[in-house]
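Top line first, the protein sequences correspond to chains A and B. Going by UniProt numbering, the final residue of the first sequence carries number 200, and the count climbs one at a time with no gaps. Going by UniProt numbering, the final residue of the second sequence carries number 79, and the count climbs one at a time with no gaps.
Worth flagging that the hints you see were computed from the coordinates, not collected in a lab. Cβ coordinates follow ideal geometry from the N, Cα and C atoms, glycine included. Warning: the hint list may mix true and false statements.
Output of the computed footprint for chain B on chain A, the stretches with three or more beta carbons under 8 Å from beta carbons of chain B [what the hints assert, rightly or not]:
1) 35 to 46
2) 50 to 56
3) 62 to 72
4) 85 to 91
Covered stretches of chain B (chain A as the covering partner; in silico rule of three or more C-beta atoms under 8 Å from a C-beta of chain A) [stated by the list, open to error]:
5) 30 to 41
6) 46 to 59
Some residues of chain B that are not near chain A, with every Cβ distance over 10 Å (derived) [what the hints assert, rightly or not]:
7) Ala5
8) Ser62
9) Leu63
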Amino acid sequence: MFRQASRLLARTTTLTRSRAFSSEVPATPTADSTFIDSWKKVIPNMEPPSTPTSFMVTRPQTPTSIPSKLTVNFVLPYASELSNKEVDMVIIPATTGQMGVLPGHVPTIAELKPGVLSVHEGNETKKYFLSSGFAFIHANSVADIIVVEAVQVDHIDPSLVQKGLAEFTQKLSSATTDLEKAEAQIGVDVHSALNSALTG
Amino acid sequence: MASNAAVPFWRAAGMTYITYSNICANLVRNCLKEPHKTEAINREKVHFSISKWEGGKPQRPSLFDLIHLKHELGWRIAL
Chain A
1 MFRQASRLLA RTTTLTRSRA FSSEVPATPT ADSTFIDSWK KVIPNMEPPS
51 TPTSFMVTRP QTPTSIPSKL TVNFVLPYAS ELSNKEVDMV IIPATTGQMG
101 VLPGHVPTIA ELKPGVLSVH EGNETKKYFL SSGFAFIHAN SVADIIVVEA
151 VQVDHIDPSL VQKGLAEFTQ KLSSATTDLE KAEAQIGVDV HSALNSALTG
Chain B
1 MASNAAVPFW RAAGMTYITY SNICANLVRN CLKEPHKTEA INREKVHFSI
51 SKWEGGKPQR PSLFDLIHLK HELGWRIAL
């Protein structure tokens, strides 16, 4: 029994070492080949039924050279703002600061803070104010930006922002419990971000 | 790996990310210009009814229960 152990151990280590540690994912298959093969063996005369895999859009493969455009999917719970849009750059308001994303960006998952998302395409820039969300940047230069609420900067009312900022600053100074302080702090953060979006 | 890494202030206060995210979204919606503001608020309206169960049957909520519920949920959900 123990004579086999060293052979088995050696086999498992070579198996794990052969797969390189990488963040690349293979392209998704268009059809389930094993299912189709086994179907044809049993029922050669009928067409195999479609499986969910055949209806799904294939994930774009990670290209070997850096692509020229970034593909952006910007989605909201109620609408798909940008779907597979090819752009030059997006600047996302991550919690760690404004992050510029170019094609070939390292795969990243970024939590977003309330701030402005700017989408740069050629000479035009589109700006949206985001409430909060996440941004997933994949190795194949696809950026998925998922937020709860996104508004165009010119839809924001400056007087309401000032009023809110004053109200929450006052709430923050008069807050007693941790939860109240947190809520007031969130209010101050969001309204200051709205303010800088309007002015900046 | 730090197990007690610096948590965001809202999580330290006992709030979950979903609560934080929804508060942020509500604040942003309240700062919009008309008519976008009414559009946004109508879009996010949620209708629900809550009832306490006793003996396998839902009890009709009394007025006191509704007032208590509104106080607990606060301004985040329109009841």
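Comparing the hints with the structure gives:
Requiring three or more residues with a Cβ within less than 8 Å of a Cβ of chain B, the coverage given for the segment 35 to 46 of chain A is violated, as only 0 such residues are present. Counting residues of the segment 50 to 56 of chain A whose CB falls under 8 Å from any CB of chain B gives 0; the rule of at least 3 is not met. With 0 residues bearing a CB less than 8 Å from a CB of chain B, the segment 62 to 72 of chain A misses the requirement of three and the coverage assertion fails. Beta-carbon proximity to chain B at under 8 Å applies to 0 residues in the segment 85 to 91 of chain A; the threshold of 3 is not reached and the given coverage is violated.
Figure legend: the segment 30 to 41 of chain B, annotated as covered by chain A; annotation consistent (7 residues with Cβ-Cβ distances under 8 Å, at least 3 required). Judged by the Cβ-Cβ criterion of 8 Å, the segment 46 to 59 of chain B is not covered by chain A as claimed, because only 0 of its residues qualify and three are needed. Here Ala5 (chain B) stays apart from chain A, with its beta-carbon at least about 13 Å from theirs, past the 10 Å limit. No beta-carbon of chain A is positioned within 10 Å of the beta-carbon of Ser62 (chain B); the least distance is around 27 Å.
Even its closest Cβ contact with chain A, about 27 Å, leaves Leu63 (chain B) beyond 10 Å, as expected for a residue assigned away from the interface.
Hint violations for this structure: numbers 1, 2, 3, 4, 6, all remaining hints satisfied.
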